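*Asks:* Residue-level listing of the chains:
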Amino acid sequence: DTEVTQTPKHLVMGMTNKKSLKCEQHMGHRAMYWYKQKAKKPPELMFVYSYEKLSINESVPSRFSPECPNSSLLNLHLHALQPEDSALYLCASSQGALARGWRAGTEAFFGQGTRLTVV
Amino acid sequence: GENVEQHPSTLSVQEGDSAVIKCTYSDSASNYFPWYKQELGKGPQLIIDIRSNVGEKKDQRIAVTLNKTAKHFSLHITETQPEDSAVYFCAASSPGGSQGNLIFGKGTKLSVKP
Chain E
1 DTEVTQTPKH
11 LVMGMTNKKS
21 LKCEQHMGHR
31 AMYWYKQKAK
41 KPPELMFVYS
51 YEKLSINESV
61 PSRFSPECPN
71 SSLLNLHLHA
81 LQPEDSALYL
91 CASSQGALAR
101 GWRAGTEAFF
111 GQGTRLTVV
Chain H
120 GENVEQHPST
130 LSVQEGDSAV
140 IKCTYSDSAS
150 NYFPWYKQEL
160 GKGPQLIIDI
170 RSNVGEKKDQ
180 RIAVTLNKTA
190 KHFSLHITET
200 QPEDSAVYFC
210 AASSPGGSQG
220 NLIFGKGTKL
230 SVKP
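Quick mapping for you: the protein sequence lines, in order, are chains E and H.
Counting from 1, one number per residue, gives the positions in the first sequence under the working numbering.
Counting from 120, one number per residue, gives the positions in the second sequence under the working numbering.
Keep in mind the hints are simulated off the structure, nothing from the lab.
The structure presented is a predicted model; accordingly, all values stated were derived computationally and were not measured.
Note that beta-carbon positions come from the ideal geometry of N, C-alpha and C, so glycine has one too.
There may be inaccurate statements among the hints.
[To be verified] Derived CB-CB ranges, DEER-like:
#, chain 1, residue 1, chain 2, residue 2, range
1, E, 20, H, 148, 23 to 31 Å
2, E, 63, H, 174, 24 to 32 Å
3, H, 180, E, 107, 38 to 46 Å
4, H, 200, E, 40, 22 to 30 Å
5, H, 200, E, 58, 19 to 27 Å
6, H, 174, E, 12, 44 to 52 Å
7, E, 18, H, 174, 48 to 56 Å
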């Protein structure tokens, strides 16, 4: 099983709303990631969690707040977003990770993403 | 840091033909090169990968080749089918250092015409 499950699949929120994206994997992976993908672009790394600790924050605005409650779950809390934050948000996981990212040569598996629209 | 260039950006082939997508990377320390297929509205799906100690890897109609000296790697799809139509991303990963995560190419939109 190489499944990473993300919920919800679609989300529309106003600029004053607070919402959360959820990600779950049961592969025993110890590294989990949030990516943002705009249309016709490759995924851009936002956050990396290694062994449930935040190891990389790619200068993401504080209106995005990640959380890793346990080794299987990863959340992304959203607050006061802007229309330009509308994108596909992808979660990924991999077996190993160094403090600065995953151990080279480790397969990473992506979820299906949450299509976020900020109105 | 690592930089990955991917070509072409779009590729149209007739069903049954072969398709080749090429990527170059800049960091000679990179040692893992996955390829992802992304269909419309879905997340990237890992389809094949290669490590720097291997020159070629094949899985049914898909193959990847790596030339470490020239720092480029390629995806080959033979006997293409309409369901191969998607955006394909190459990526490179360097061990540790300041990155240690995947650097993606800009993607290739492959269209297979029936």
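*Asks:* The structure should be examined with respect to each hint, and the outcome stated for every one.
*Replies:* Here is how each hint holds up against the structure:
no.: 1; hint: 20/E to 148/H: 23 to 31 Å; in the structure: 37 Å, violated
no.: 2; hint: 63/E to 174/H: 24 to 32 Å; in the structure: 46 Å, violated
no.: 3; hint: 180/H to 107/E: 38 to 46 Å; in the structure: 20 Å, violated
no.: 4; hint: 200/H to 40/E: 22 to 30 Å; in the structure: 23 Å, holds
no.: 5; hint: 200/H to 58/E: 19 to 27 Å; in the structure: 37 Å, violated
no.: 6; hint: 174/H to 12/E: 44 to 52 Å; in the structure: 48 Å, holds
no.: 7; hint: 18/E to 174/H: 48 to 56 Å; in the structure: 51 Å, holds
Of the hints listed earlier, those the structure fails to meet are numbers 1, 2, 3, 5, in rising order.
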